[in-house]
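Engineer: Residue numbers (our numbering), protein chains in the order written: chain F, 304 to 532; chain R, 304 to 532.
Some hints here could point you the wrong way.
Given that identical chains are not distinguished, each listed pair holds provided it fits within a single copy or across any two copies.
Stated by the list, open to error - Distance condition first, Cα-Cα at most 35 Å in a straight line; then the derived DSBU-like pairs of lysine-lysine:
id	residue 1	residue 2
1	LYS531	LYS449
2	LYS359	LYS531
3	LYS305	LYS531
4	LYS324	LYS456
5	LYS531	LYS456
6	LYS305	LYS359
7	LYS305	LYS456
8	LYS481	LYS449
The set of hints was computed from the structure by calculation and includes no laboratory data.
Owing to the predicted nature of the structure, the values given are computational and were not obtained by experimental measurement.
Protein chains: 2
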Amino acid sequence: MKAVILLSGGLDSSTTAAVAKSEGFDELYGLTVNYGQRHLFEIDAARRVGEALGLKRHEFIELPLFRFGGSALLDENIAVPHGRTIENVEEDIPDTYVPARNTVLLSIALAYAETIRAFDIFLGINHVDYSGYPDCRPEFLEAFEKMANLATKAGIEGNQIRFHAPLLRLSKAQIIQKGMELGVDYSITHTCYDPLPDGTSCGECDACQLRLQGFREAGFTDPIPYAKR
Amino acid sequence: MKAVILLSGGLDSSTTAAVAKSEGFDELYGLTVNYGQRHLFEIDAARRVGEALGLKRHEFIELPLFRFGGSALLDENIAVPHGRTIENVEEDIPDTYVPARNTVLLSIALAYAETIRAFDIFLGINHVDYSGYPDCRPEFLEAFEKMANLATKAGIEGNQIRFHAPLLRLSKAQIIQKGMELGVDYSITHTCYDPLPDGTSCGECDACQLRLQGFREAGFTDPIPYAKR
C-alpha cells in the first residue's frame, strides 16, 4: 500500500514512518523539504532515516522560504530561544514558528501524492509538545484534509485523501516509547535547532530539551551525543 | 493597504493586480512561483508586469514540482493538447492540470503574507474558462481560506485572512473588458503553453485559443504577436 511520508530527519517523522509501516503501508515515498532552515544536519539525517526505512523513492525539494524571513529558524538575525519547557510551551506562539510551514509542506506532499496516485499522507506533527504552533492543531489538519479533497483530481474522483498524524495526541515520552517498540533507530535522527559546527546537538535549545525530557520520561537514554545534557 | 498578489505574467493575474490596485491596495507584494513549467517566458512576463505595476517587492520562488511529473505542462514527454475550446472545456480534467498547483501556490503566498503581516491575497483563478480544474472552483477557495485562518498566527490572533479572486466568475471576454477599463497593458503578458523558441505565442494551444476567443468576444485586438491566429 502506497503512502507519502514527510521526513524531516527528526524523531517525530522517523517514528511516524515506522507507524506507517506497521499499519501496512509498505510502499513509502519519502518527501524532505528544505525550506532554508539553519539546521541542514536535518537533511542528512532525513537521508539516513530514508535509507534505514527502505523507501520506494525519496524526493528532496528546495524551497527557499527563508527569503521571506520571519522566524528564528530561518533568519540568522533572530536568536534561537532557549529554556522553553513543556510546562510553558502553551503560553504563546514561539519565535521558532515558521510562517505557514505545515501548510506549505502538506501542499507539496499533496502534489507528490497526486502524481504517484497515493491517497495516504503521513506526517509527524504533534499537538502536545507544539501546541503553540497553530498549524499543529487537529482542527488545522481537518481543514487541510477537507480542502485537499476539493483541490485534487483524486478527491473529486471519489478517492478520499487521508492525512495521518499518528503522533498528534502523544507526548514526546509516548512517541519515544512507541518508536522503541517499533525498533526506530534514534541514533540517526537529528532534532537540535542550534547544533555545533560539527553537527553535535547543543542540548540547550527548546527542541533538545523537549527531546531529552522525553527520553528521560520514557525511561531510555538518548543515543545521540550532546554538547551539554 | 498591503496585499500579496500571485503574478504568473499571464492575462488573468495582470488583470487581478489591476483590480487590487483599483480597490485601494496600494502596497502590492508580488509573488511569482516557477514550478518548473515549460513556458519560462511567463517568468519574464511576470517581471515586466511587476515593473509596470510598481510593486513594493517582487519575490521569485523556484519550486521544482516538475520532478513529480504528471502534467503536460511539466513533462516534456506529454504533448500539449490542442483544440480544446470553451464549449468542451468542462467535460473532464485536462492533461494540463498540474497536481495540487493552486494549493501549493496559495500556501506559499500565505507564508509570504504572514511574514509581511498582510492579510489579503489576490489570485487570478477563474472558474468559467478553467472549470475542468478542481482547484479553480469556488468551493476549493473557500475551504483553503478556512484552513488558512486556522493555520496561521494572523488567523488565530483574529486577523481574518482573505483570498480575493475577483475574476472567479468572469468569462475571458469579461476579464479583458475589465482589464481594458483599468488600463492593463496586455502587450507585456504571456499566455501560450507552447511558444516558439523566440517566445512567440503559438496561437493553437488551449491557452492561446481561450485568449484569442476572449479578445474577439470583448471586441478588442490582442496586442501580442502570434505564429498563427
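Engineer: Against the structure, test the hints numbered earlier, and report the numbers of the ones violated in rising order.
Structural biologist: Numbers 1, 2, 3, in rising order.
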